[in-house]
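Asker: Given next are the chains, with one letter for each unit.
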Amino acid sequence: MKQLMSFIKKEVLHIIRDKRTILILLIMPIIQIMLFGFAMTLEVKNINIAVFYEYGDEMAEKIIARISASEYFNIVKSIHDTNEINNIFKNDNVDTVIVFSHNFSKDLFNMASPAIQIINDASDPNQASTITSYISAIISSFQNEVLLQNSPIIINTELKMLYNPELNGAYNFVPGVLALVLTLICAMMTSISIVREKEFGTMELLLVSPMKPAYIIISKIIPYFIISTINLITILVLAVSLLDIPIKGSLMLLMAVSFLFIFLSLSVGILISSLVSSQAAAMLISGMGMMMPVMLLSGMLFPIDSMPFFLQVIADIVPASWYFTAVKKIMLEGQGLFNVLKEIAVLTIMLLLLIAASIKKFKVRLG
Amino acid sequence: MVKVNNISKSFKDVQALDDVTFSAEKGELYGIIGPDGAGKTTLFRIMTTLTIPDKGTVFINNKSIIKNYMEIRKTIGYMPGKFALYQDLTVEENLNFFASVFNADVNDNYDLIKGIYSHIAPFKKRKAGNLSGGMKQKLALSCALIHKPEVLFLDEPTTGVDPVSRKEFWDMLAGLKEMGITIIVSTPYMDEASRCDRIALIKNGKFLQVDTPNNIIEKFNSNLIAVKTYNMRRILDDLRKCTNIKSAFAFGSEIHALIDDYSNIENVSLFLNNLKYNDIEIHKIKPNIEDCFIWSR
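Read top to bottom, the protein sequences are chains S and P. Going by the numbering used here, the first residue of the first sequence is number 7, and it counts up by one from there. Going by the numbering used here, the first residue of the second sequence is number 216, and it counts up by one from there.
Because the hints were derived from the structure by calculation, they are not lab data. Glycine included, every Cβ here is placed at the ideal spot set by N, Cα and C. Hints should not be assumed to be uniformly reliable.
Covered stretches of chain S, going by a simulated chain P footprint (3 or more residues, C-beta under 8 Å) [what the hints assert, rightly or not]:
id, stretch
1, 198-209
2, 214-223
3, 285-295
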């Protein structure tokens, strides 16, 4: 026990002596949450709109009033000459121009075909298509109301966004950042710290000593387990307080699943460390080899359902994708233990396999 | 105390050790002398239970390195080739850590390391990475000794250390030997061989000779001369052409050569004078360990 304690103390000293790394470890999750939460959202806000319509056109004015009532759009300019449209994107801070056809109201009532043209600055194609669909939605709901007065039968589609009614982009990123940060810190830092002993030759001495190999592993794990737990709490606190994302399900369950994932990532780190013998290789494998799949295949950026089949199979092997789903279910959808049993089972099996593999791979002698 | 029986070990197509046998008695200071790549480190890793040999066995205090490796690990001290210290921990922290790894207490065994550690004690708050080569060596030795091992394995402890520290280090080893600790030490420096009780010369994984340093020199039964001149660059090739010279090698600032008979020194001198060397110095010398190493087998 004294052996173990002094070993853990040594590991803690390694970590706090390396001030730059510990700072990065503790600040990285905060920056990621801020970035994904505020800067990198896909939603549109404060879109500046210029309109071209015939003064006094009743229906056009009503539509414009509706658009301007939406929190996403500001009507900033009214154009009177179509030639202005080309220059308005360059000279004014305008994202979108809406053009109403000649005699718009009259055509509408006469069942002729009135037209609305939406001109977008598509240098940001994502934003342009989102704006288009928002404006189209406003126009079509207006159209439905107008038509309702004329014909009684109408098929109305109503969209309802569950769990995230305001379509906030940040919601999905919280589980994603959790998966990313925990994978990076646990897998990368543990593997590097074990491989460093090999590189400096101190592993030789530890092996020559009567110390149990299990002690070496346990004392490597504990400090990073603590740092991961701090990160987990930081991210959750930031998500709730700063991004207003509620934890709908049970906090206990969320923590339990997270601890399961932390242990899983730690054992990935141990396995990596037993496969490579240089810090650079450990960093490459755990950095590139773990970070890319977590970013691309966990469902954080792209939904897994829309991937080609073989990528879905690969995504199923990535532990982070199961963790991501579980956190989404518990945190955002408020589902209970019963609904995440599958994810928990898969993660547990992965954990057991990895522990078995790393015990088998850990050498009591030099390779 | 240490019994090595017919050890062989190869890595892929390199034969690192080839049928090595020797034994060291309790309290003996045993030197394994050979150039880089001779197989010294592999031999040390096998003796310290870190690597399993392809053939043969090693017994440390009658315990086998294959079956009883955990018991052996309690009783040996090991100092690997590069000083395996934690660079970001202080001198004191390193010592305390290695003591606790071996379930020992620094205060209990302080007498053992006092002579060595007192040199670096003034710097105990300094990080190991900021120590000089000599101080790192003393710290590594202290760490290897702190659990009072019965056998101490030192793999090239003096490589990369200044001559003064090297001399001090060998004085320390002599002190440890007095305390009854068996010491197996390897070195590429032939001049250190005379400090050992017995030495083994190792080359390409094979032991060439095993004996006391004096006996090895006594056994050298060829006629050795040293040649010195102004133009050292050409003379080695020319000397080898001389019929009286069996073989010649550059030795620092002079050339050592085997001559068929000491009475022919004049002939060699004439031979060289004919080749326009005019400041030749030739004289008889006694062999040292390095000569023995070069001309053995």
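Asker: Quick one: see if chain P covers the stretch 198-209 of chain S, three-plus residues with Cβ-Cβ under 8 Å.
Answerer: holds (count 3)
Asker: Using a Cβ cutoff of 8 Å, are there at least 3 residues of the stretch 285-295 of chain S near chain P, or does the coverage claim fail?
Answerer: violated (count 0)
Asker: Count the residues of the stretch 214-223 of chain S with a beta-carbon closer than 8 Å to any beta-carbon of chain P: does the count reach three?
Answerer: holds (count 4)
The structure is inconsistent with hint 3 alone, although it conforms to all the rest.
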